[in-house]
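Chemist: Taken in sequence, the protein lines are chains H and F.
Under the working numbering, the residues of the first sequence are numbered 1 to 168, in order.
Under the working numbering, the residues of the second sequence are numbered 1 to 510, in order.
Source of the hints: derived by calculation from the structure; they are not laboratory data.
As a list, the in silico DMTMM-like pairs of lysine to aspartate or glutamate whose alpha-carbon atoms are at most 20 Å apart:
(1) Lys230/F to Glu129/H
(2) Lys225/F to Asp130/H
(3) Lys39/H to Asp192/F
(4) Lys225/F to Asp86/H
(5) Lys294/F to Asp245/F
(6) Lys448/F to Asp192/F
(7) Lys291/F to Asp245/F
No experiment lies behind these values; they were computed from the predicted model shown.
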Amino acid sequence: MNDDHPRPVADLLSGIVWLVLAIGIVVMSWQMDRLEHLKVSVYSAPGLLTGILGISIAIMGGILILRSIRAGALRQMELPHFNPRDHWRLLTGLVLCLVFAGWVVGSGVPFWLAAALFIAIFVFVFQFEDRRASGTLPRGALFAVVYGLICGAAIQYVFQEVFLVRLP
Amino acid sequence: MFDGLLLFGHSIASFARPTTILYALAASLLGLVIGALPGLTATMGVALMTTLTLTLPPSQALLILICTYVGAIYGGSRSAILLNIPGTPASAASCLDGYALARQGLAGRAMGIATSGSILGTWIGMVALALFTPILGEAALKFGAYEFFWLALFGVVISGNLTGNDPLKGWLAGFAGLFVACIGQEGLYAHDRFTFGFHDLSGGISLIPALVGAFGFAEVLTVIKDRPPKVIINTFDTVIPRIRDVTQYWRTIIRSGLIGTGIGIVPGVGEDVAAWSSYAAARRASKEKEKFGKGSVEGLMAAETGDNACVPGAVIPVLTLAVPGSAPAAVLLAAMLIHGVQPGPLIMVQNPQFVYDVVAMMLFASVGILIYGLTLTKVLVKILQVPQTLVMPVIFVLCTVGSFAIASRIFDIFVMLFFGVVGFFLRRLNYPMAPLVLGIVLGDLLDKNLRRGLVLSDGDLSPFFTRPISFVLFALVAGTILLNVPAIHNAAAAGWAKMTGAFRRGNPAA
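Let's have the full structure, built from the sequences with the hints guiding it.
Modeler: Quick look at the structure:
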């Protein structure tokens, strides 16, 4: 699965996801209230376009499935082996971002502090390998904390004080 | 003509104030840095700046956004030339000859070519913006529900066709965007669609958080997933543009400017296609074809002129039809609506001054990139060397703030996270993001006009195909789709070859 040429099996799986999604959209659009009790014309029913979109996505998803099968998706049906260690950077980054934006922000922690903590941890974690190799871990930790505090305070100041934008 | 000049002069005068000039210069610089840093795109930059400028007066806010946009498209050339990494997708074509020139010790000259090409491209686009917006605006007054329906569909189909390397996936992304736009209360009867009882979803999916997610958070994930390569920068000579490079390739500049502007006008296609198309056209017409890809001044000039000319071009349909010509222009459209500016067919009737304000904003942006193009090379080189591990967490914090700031809703942060994760995986699977964005922007237009059109004709579909403009747009949509069917494509290519062959035989001199 790379950016230019995903494996046919990846296309097959994404095609199936599109098809299932599209069928769900079509069914829900069909079941959607047509507002007949308001004497609304059937041609302006709220589910009209979504139904058409669902059908279109289903057709395209079907074509994608067929195309991937012709490209040999069924011959390589085994799912790619996923080793979390190979993807530690992505997983760590994803978890840090989700925890910060999805949990810490809006939980009552002052924004500048939450931002400073997030930035400091992010920088320290992603510089950890290099810092350990060069024997500068304590310096790296101090740098991460100072950098986080400066960035957190600067973002709060610029948005809230200069441009009068509300922060979470 | 003179009315236009007068309005343009008025716009220049209204912006020629210290604060406004300072905003323009600061935004151009920020755009340049955003564009130069690989992983930060013009779309993300404009989206984040939209949230930062919420409380400013509309003219100043839009000036900042346009300067950021122009600066970012220009800034992408810096990393393309110095690192062989396009700072924005629009600069990918500049890597070919820009980096080749840099490896020959001519990075400074390459940056000078990029500066002159970008400025001239912006100016060509600016002239087109001033000339064509009133004409297109007048034509747009003839658009009814049927025409707007096809226009919205054409935008998604052509964007899906041209912005990736797999039209089927482009269309899937575009149609998914159209569906996303339908979530929430629909525009005719305020009926909830696909909200599953969540009140937050009733307001619909806001464009800015979705964009910040798809272009910002997804980009953060894309950048951090791999260990960044060590940055090696070639030495460079003087960055002052050479007059000879401009005079020698004036035909290329004008051709690329017109191609870039033209591609900008086509809904949802954008700067990268403009750069590649200009580059390809320059190569076809060049007497030095063999130099392309090996450090051709003409090639770099064409790519840089084309992508920057696309910026004003992409704004033309925003102003006249409320349909964006590129992904950053989609954010610009959203920003205009947030600031109470109503673009669309009536803009030349209700607010002609605004069109010339936008032209003046482009001029200020081009002056900004000229100043920084000549002066900030060494500072930019330092910025390019800042590790991405320091930049990305700050970008993510800005994505979070930006998503929240539009409506002060925590829900929008979750929208950003959702689109970021989905966008990341869609990109990995080779789905382009531009059609998705365009779909979200155009979904409402498509929905309302389909239903309005059907109600007006009492369910009769014929007006969708028989009205002249409708028919042309329908033919474009159908042609774009059908030409991707191999059998039809081959038949069309064979027919075209036969026709042009007969023409050549009939005109031996040609």
